[in-house]
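Student: Line by line, the protein sequences are chains A and B.
Read in order, the letters of the first sequence are residues 1 to 521 in UniProt numbering.
Read in order, the letters of the second sequence are residues 1 to 521 in UniProt numbering.
Honestly, I wouldn't trust all of these hints.
Restricting the straight-line Cα-Cα distance to at most 25 Å, the calculated cross-link-like pairs of lysine-lysine (DSS-like) are [stated by the list, open to error]: (1) B:143 / A:399; (2) B:491 / A:516; (3) A:372 / A:87; (4) A:491 / B:516; (5) A:304 / A:346; (6) B:372 / B:87; (7) A:491 / B:491; (8) A:346 / A:356; (9) B:399 / A:143; (10) B:516 / A:516.
Derived by calculation from the structure, the hints in this document are not laboratory data.
Because the structure is a prediction, the values reported are computed rather than measured.
2 protein chains.
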Amino acid sequence: MAAPLPEGVSAEAMSSALDRFARIVGADWVFTEDKITPYEDPYTISNDETEHRPYAAVAPASTEEVQEIVRVANEFGVPLWPVSRGKNFAYGGAAPVMSGTVVLDMNRMNRILEVNEEFGYALVEPGVSYFELYDYIQEKGLKLWIDVPDPGWGSVVGNALDHGIGYTPYGDHFAMQCGMEVVLPNGEVVRTGMGAMPGNNTWQLFKYGYGPYVDGIFSQSNFGVVTKMGIWLMPEPAGYRPYLITFENEDDIETVTERLRPLKVAGVIQNGATVRSLVLDAAITRTKSQYYDGDGPIPPSVAKTMMADLDLGMWNFCGALYGPPPVMDTLWTAIRDSFADIPGVKFYFPEDRRHKVDLLLHRAETMKGVPKLTEFNFLNWDGGGGHVGFSPVSPITGKDAIKQYNMVSSRVREYGFDYMGLLAIGWRDLHHVTVIVYDKTDPDERKKLDELFNILVDEAAAEGYGEYRTHIRYMDRIAKTYSWNDNALWKMHETIKDALDPNGILAPGKSGIWGKNRRKA
Amino acid sequence: MAAPLPEGVSAEAMSSALDRFARIVGADWVFTEDKITPYEDPYTISNDETEHRPYAAVAPASTEEVQEIVRVANEFGVPLWPVSRGKNFAYGGAAPVMSGTVVLDMNRMNRILEVNEEFGYALVEPGVSYFELYDYIQEKGLKLWIDVPDPGWGSVVGNALDHGIGYTPYGDHFAMQCGMEVVLPNGEVVRTGMGAMPGNNTWQLFKYGYGPYVDGIFSQSNFGVVTKMGIWLMPEPAGYRPYLITFENEDDIETVTERLRPLKVAGVIQNGATVRSLVLDAAITRTKSQYYDGDGPIPPSVAKTMMADLDLGMWNFCGALYGPPPVMDTLWTAIRDSFADIPGVKFYFPEDRRHKVDLLLHRAETMKGVPKLTEFNFLNWDGGGGHVGFSPVSPITGKDAIKQYNMVSSRVREYGFDYMGLLAIGWRDLHHVTVIVYDKTDPDERKKLDELFNILVDEAAAEGYGEYRTHIRYMDRIAKTYSWNDNALWKMHETIKDALDPNGILAPGKSGIWGKNRRKA
Chain A
1 MAAPLPEGVS
11 AEAMSSALDR
21 FARIVGADWV
31 FTEDKITPYE
41 DPYTISNDET
51 EHRPYAAVAP
61 ASTEEVQEIV
71 RVANEFGVPL
81 WPVSRGKNFA
91 YGGAAPVMSG
101 TVVLDMNRMN
111 RILEVNEEFG
121 YALVEPGVSY
131 FELYDYIQEK
141 GLKLWIDVPD
151 PGWGSVVGNA
161 LDHGIGYTPY
171 GDHFAMQCGM
181 EVVLPNGEVV
191 RTGMGAMPGN
201 NTWQLFKYGY
211 GPYVDGIFSQ
221 SNFGVVTKMG
231 IWLMPEPAGY
241 RPYLITFENE
251 DDIETVTERL
261 RPLKVAGVIQ
271 NGATVRSLVL
281 DAAITRTKSQ
291 YYDGDGPIPP
301 SVAKTMMADL
311 DLGMWNFCGA
321 LYGPPPVMDT
331 LWTAIRDSFA
341 DIPGVKFYFP
351 EDRRHKVDLL
361 LHRAETMKGV
371 PKLTEFNFLN
381 WDGGGGHVGF
391 SPVSPITGKD
401 AIKQYNMVSS
411 RVREYGFDYM
421 GLLAIGWRDL
431 HHVTVIVYDK
441 TDPDERKKLD
451 ELFNILVDEA
461 AAEGYGEYRT
471 HIRYMDRIAK
481 TYSWNDNALW
491 KMHETIKDAL
501 DPNGILAPGK
511 SGIWGKNRRK
521 A
Chain B
1 MAAPLPEGVS
11 AEAMSSALDR
21 FARIVGADWV
31 FTEDKITPYE
41 DPYTISNDET
51 EHRPYAAVAP
61 ASTEEVQEIV
71 RVANEFGVPL
81 WPVSRGKNFA
91 YGGAAPVMSG
101 TVVLDMNRMN
111 RILEVNEEFG
121 YALVEPGVSY
131 FELYDYIQEK
141 GLKLWIDVPD
151 PGWGSVVGNA
161 LDHGIGYTPY
171 GDHFAMQCGM
181 EVVLPNGEVV
191 RTGMGAMPGN
201 NTWQLFKYGY
211 GPYVDGIFSQ
221 SNFGVVTKMG
231 IWLMPEPAGY
241 RPYLITFENE
251 DDIETVTERL
261 RPLKVAGVIQ
271 NGATVRSLVL
281 DAAITRTKSQ
291 YYDGDGPIPP
301 SVAKTMMADL
311 DLGMWNFCGA
321 LYGPPPVMDT
331 LWTAIRDSFA
341 DIPGVKFYFP
351 EDRRHKVDLL
361 LHRAETMKGV
371 PKLTEFNFLN
381 WDGGGGHVGF
391 SPVSPITGKD
401 AIKQYNMVSS
411 RVREYGFDYM
421 GLLAIGWRDL
431 HHVTVIVYDK
441 TDPDERKKLD
451 ELFNILVDEA
461 AAEGYGEYRT
471 HIRYMDRIAK
481 TYSWNDNALW
491 KMHETIKDAL
501 DPNGILAPGK
511 SGIWGKNRRK
521 A
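Bound conformation, chain A alone (with noise of 0.2 Å):
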């Protein structure tokens, strides 16, 4: 079917503001009907084949293209959704919240404009992909290392604007994020930080700048589309060493979190260490079908069998030290210390595993920052492809985790799905992702997956667990649990949108938050 306008805006002022777009960019860079397949939404969770569809795309080469393309959008009313890479296929790929929406790609503007090797960071456009930025690094010979998220293939601007993590001892990508030039919605352009002295010699090494510190208000928001960004980069370690830790029991993981706080807020554990889930590893290297042929999720005695199999636990913990020897040799013993009383428990560094291709050897490559798609090898789990990611987070405390992981688990299992999680250790709280992966091509899966995340959205909502990010299709339903003192600060964003986008051009929807002139009372 045609895509659908965008609510209020006519065929006719499309049309144009089309037609102004491809006179910016060029009539090859303009992509509406067929072309805007790659645009949609991979994984669609919803049946109603008129949701979240994109009108068209608009791919500029240059901040000037994004301000002309940004005051023409003004002009018809035309909504832009801007997106880096649009790589992100669990939260929805490069589809807007709203039909219609114009999607803005910025993957063309994929310059890597400076990599300082003396400082540790780059600057680069949002269509950089950890890929391109990695092999840049390569080829200079920098002793530089990158941080990446599980899928190689997305922007660095991007998912540190999502609040994206990795799994080195840089994380933390927005708070490695240093530096930024913004398109605002009326088409002015902006730099922050430092980046707003003429001449200055510190954009990518100092954050702060001079007065408000407002770089934050262009992450997970529709109030600019970023242009520019720096990063800091780590410098090479003097040594590197990943390790596995297995644990035999499902119940482990209250002994386990409880025992990762203190290592994590000491900085013992340095790096961004997630405790990942028998399936979620399992699948990484095998298929459900070698295991079990059966309906719904695998049944323990199986379970059992891929663990003696494979040289897993019930959970693995992946982590990996950084630094001089002596330094990594004293906190191993501190780590190998904390967990060497639970029955049961398996340690391994990279020597001692069996199978060629194994959970540890591919997490030390994204450990030391080597991008790859390797972790997406899960979505064949079960055949049909589809993931979405659910994402709450929760204090690392052994209470929390095990309650987290029946609360999920069960409603997961209940849908007749494998519970594949992981704990992603941040500065203090843990991101608890589930990935569920369904079959995309089965309307009545995805009806059954809709269900299933509303409920759990709701449920860890009523026990004090937000999101920290979330697929296009849930951003109102998860804007709503951050309810305190009557929606008052959603109320703020409103303003602060209402002031920087009066015409409700950016991304409606994104966020929850909503132009004046789409606004739901």
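Start from chain A and add chain B according to the hints.
Tutor: Frame of chain A; chain B shown alone:
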């Protein structure tokens, strides 16, 4: 003389507002006439007595009272200047930019709402001083360290909001902030991050929450009044070893800085270390008259005497090691080896120091987060006791360090002051903080200082160095140095200001941001 009314506010309106304030907080907590002295700039630079004078002060005891005060201020158009403790004397104390502004004194809101040892954080109100937080932790015997700036009487909240720094590994105070409660200029109250979720369990554990990360816009701004803030605290490390490395020659600053960069970027230097100048350090334990009774800055021969007497260098690098002994040993070897070939270098641990009252013994306390007022001894260096901080940001390079030093010290000496400066080493930048100590009772010296300061700002900006923070008197001037793209960033600040504070009630002129009612063309 009587304090002037704020521009555009009638005596009647002010009087009505003060009556209403008294009804909210009690008459004892509204200060006028002779009771407002504590809110005036303790080290006035201006010779015009009508400048930077508060008309009154009001001290609320709760978030609700702050909300009511803000609503009344809107009703009568009375501007408010919020201060946490108002103790940052080098930058204006509690005094407002605009004369007649009513100080909103948050000192009474000094509750320590929670200190969590397991996770390492505190939730505090803005009136809580470093001394109070430290004492609380000591009394309860909690294994936590705080991070303090030089004077311990300041506000934990206020310092973080002003992008202040300290000297432990948690020295970037704003980076350690997690979760705020903020009264907006319209009287509404928001909680940021996870605080926006009712019943959440991670307000002080995870910063970003969901949607735009807004905390930064309440720092160095006039967009809201922060009434609660979370701050991460460092677990007591397994070991601590402060050290001092002295360098004999003025020019050594170039080599020292060049060697520091890789150590800091790689995390070998773990803390907010500082390279300090001779006179600043001598002034901690001595006065100028003990060495020199001539006019103007001390001559080189006297500097030599001071160095020999006090076991100091022309530059003194104060750092510390934290962690298990093998970790400290490894890092120390790397640090020592980096500086060992500099002629005249000397390495000291506390047990190597001759004098009982000593720079390293003093900094050893500060680098483990013990709040003090010792650093203020420098005020007595030359009598007169006023001081102001000039604080441009620079890359961590030898070239920039020596250039900065030459630019600033030559001007400072030209104007007859001693150079008392330090380079505070941030993640990837230097804060070059120069303290200018002057006779606050002498109108000529004030005039000279004012002239000098303006020159320093302009000369720094011409070379791309911008201040990270400043005295109330220079807020406009420094804002104007951040003028990229026709002041685009400040125009954006004004847009947000007008949306959140349409009546321009809050802190007119803070960081060079004015409400639309008082904005100059």
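Student: Hint by hint, say whether it matches the structure.
Tutor: Going down the list of hints, with the structure as the test:
A C-alpha spacing of about 22 Å is found between residue 143 of chain B and residue 399 of chain A, which places the hinted pair at or below 25 Å, so the restraint holds. For the given pair, residue 491 of chain B sits about 22 Å from residue 516 of chain A by alpha-carbon distance, which is consistent with the 25 Å threshold. For the suggested pair residue 372 of chain A and residue 87 of chain A, the alpha carbons sit about 13 Å apart, so the restraint of at most 25 Å is met. Between residue 491 of chain A and residue 516 of chain B the CA atoms are separated by roughly 22 Å; this keeps the pair inside 25 Å, and the hint holds.
Taking the CA atoms of residue 304 of chain A and residue 346 of chain A, the gap is near 15 Å; set against the 25 Å cutoff, the hint holds. With a C-alpha separation of about 13 Å, the suggested pairing of residue 372 of chain B with residue 87 of chain B holds against the 25 Å cut-off. A C-alpha spacing of about 22 Å is found between residue 491 of chain A and residue 491 of chain B, which places the hinted pair at or below 25 Å, so the restraint holds. A distance of roughly 19 Å separates the Cα atoms of residue 346 of chain A and residue 356 of chain A; the hinted pair therefore holds under the 25 Å criterion.
A distance of roughly 22 Å separates the Cα atoms of residue 399 of chain B and residue 143 of chain A; the hinted pair therefore holds under the 25 Å criterion. Distance check on the hinted pair: residue 516 of chain B and residue 516 of chain A sit about 22 Å apart at the alpha-carbon level, within 25 Å; holds.
Taken one by one, the earlier hints all hold for this structure without exception.
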